[in-house]
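> We have chain A; now place chain B onto it with these hints.
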Amino acid sequence: MSADVLTGLTVFVLALLVGVEVIGRVPATLHTPLMSGANAIHGIVLAGALTVTATATTPWGEVIGFVATAFAAMNVVGGYLVTDRMLAMFRSHRAPGRDVPADRAAP
Amino acid sequence: MTATDTAVHLVQLAGAACFVIGLHRMRSPATARDGNLLSAGAMAVVLLATGVALFVDNRVPATSWVVGLAGIATGGLVGAYAARTVAMTAVPQLVSVFNAMGGGAAALVAVQDLSSGGSAGGFPAATGGLGVLIGGVTFTGSLVGAGKLQGWVPGRPLVFRGARPVSALLVLGGIAGTGWLVASPGSAVALAGVAVAGLGFGVLLVLPIGGADMPVVISLLNAFTGTAVAMAGFVLGDTALIIAGALVGSSGAILTRLMAAAMNRSVPAIVAGGFGTGDAPSGTAGAPGAGQVRRTDVDDAALQLGYAQKVVIVPGYGLAAAQAQHELSELATLLGERGVDVRFAIHPVAGRMPGHMNVLLAEADVPYPQLEDLDEANPRFPATDVALVVGANDVTNPAARRPGNAVSGMPILDVDRARAVIVVKRSLGHGYAGIDNELYTAPNTQMLFGDAKETLSALLAALKALVS
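These protein sequence lines are chains A and B, in that order. Under our numbering, the first residue of the first sequence carries the number 744, and numbering increases by one thereafter. Under our numbering, the first residue of the second sequence carries the number 191, and numbering increases by one thereafter.
Just so you know, the hints here were simulated from the structure itself, not pulled from any lab data. From the three backbone atoms N, C-alpha and C, an ideal C-beta is built for every residue, glycine too. Don't take every hint at face value.
Claimed, not checked - Chain B stretches covered by chain A per the calculated footprint, using a threshold of three residues with CB under 8 Å from any CB of chain A:
| # | segment |
| --- | --- |
| 1 | 207-220 |
| 2 | 277-287 |
Stated by the list, open to error - Stretch by stretch, here's where chain A covers chain B in the computed footprint (C-beta under 8 Å, at least three residues):
| # | segment |
| --- | --- |
| 3 | 236-246 |
| 4 | 603-614 |
As the list claims (entries may be wrong) - Which chain B residues stay away from chain A? Per the calculated CB distances, all over 10 Å, these:
| # | residue |
| --- | --- |
| 5 | 230 |
| 6 | 263 |
| 7 | 390 |
| 8 | 423 |
| 9 | 482 |
| 10 | 637 |
The following block holds chain A by itself, in its conformation from the complex:
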């Protein structure tokens, strides 16, 4: 095994443990946004898709590169946006100006 592979394995195992520690304490309220947010993070595969597209030398390789890049871009862009849309709705109090009856709006 080369040094690069060993370093990669070390990083892999430590990142697994960090994931367990960080996620193990999230309240159930946030599980849906969290799943969606974690889903967006694996959209980093776009970096890999770009790398293999860059090295493609055949038309077939370019087709695979295009599909992989499009899939990964959809994952990362859509994933972050839908997570943000969900989290933007969490407020600790009602937004001002909404649902306030007219007779109570003015002091």
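For chain B alone, coordinates are given in the frame of chain A:
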């Protein structure tokens, strides 16, 4: 190592740190949005650094740039459009589709690298084979899961004769194909075999699982995709992919266990499939307290709610299905203005997956301090005047406290301990567990039959008439 390589590695390291900090900040509703934005910003910088490194490298042909940028534009636009327009009730299936895309991309990256002979050596070939296999499983599995939640694929467990032996053969075939890839890297036949095994197993894995268990399966497949991305990272020697993939792999696994535990199910039992067929023996035979169903009407229910001191609202999936969260929020506001103490009791699996109901109520502008989880809400029920159950079923069934039925041992909301219970529901139909709900025949329960949205609108009108 060139200066560019060093810079890219440092950017990746900073990005990885931001992913961890971002996830950490998602522990609390107050900081969650910042956390996600931090993670998104870090992602943008890491991806940009990858692009810059390729540009500086100056060996990338122009066609590859066109192909890559066209891919980003296409996927990015579709993803952004879907994320912006999806109804909040359909978020679980959209996340599942995004997950399928990630898995598919990871598999294709590994396919491309292995077939072009880019990586030499046994370890990259082994991880590449696993990347194709796992990525294939999550691609088809997540699409079938999304189809089930959307109703395009029947939600009931689809079990075929011989499916299990075929599944086992596919897994063994995928592993054998990976071994073959290690022995002769770049073998197109082995690569195709692994891909077919993964894609086929993904379908067979999810088809026999019922719709109620689907969120847990999607979470599991999310973890799989993280692992597939990490495998692709090993193939390419890209540390950022390894870190991010491993983070998602372990977080997805933890989340899957939490979800399964909240539903009183185990992950192996869910994967074994076949639950929720509705043919489970009824658990009501000789049940204590079995009796007549009492009905009530909108005016009477409005009177009870309007003159209560303490009201706890228990929303369930029926509320989301009827898109009635805004009516419910308005009802809670109106009661609050009358001086009624209103709380929402959210069961961990209310909605389609843990936290889904919180999102739906947040969308309807309910402040999150009013939302209480199981442990906060249950001590409150004995002092509650009226518990209003809207579209929740199995999570309120007192039969769960007794052994010997489909919901035994499941954590429930102790709705039956409230002084009065009003249940808004279409019919006396069964929930996912397929058994009668003893709450409906309890002496303190009144049924308010009807569609959640229409009934709550009528209730709101009746309450307004009462106030004026």
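> Next step is simple, just say for each hint if it's right about the structure.
Quick rundown of the hints versus the structure:
no., hint, verdict
1, 207-220, "holds (count 10)"
2, 277-287, "holds (count 5)"
3, 236-246, "holds (count 5)"
4, 603-614, "violated (count 0)"
5, 230, "4 Å, violated"
6, 263, "8 Å, violated"
7, 390, "19 Å, holds"
8, 423, "7 Å, violated"
9, 482, "36 Å, holds"
10, 637, "29 Å, holds"
The earlier numbered hints that this structure contradicts are 4, 5, 6 and 8.
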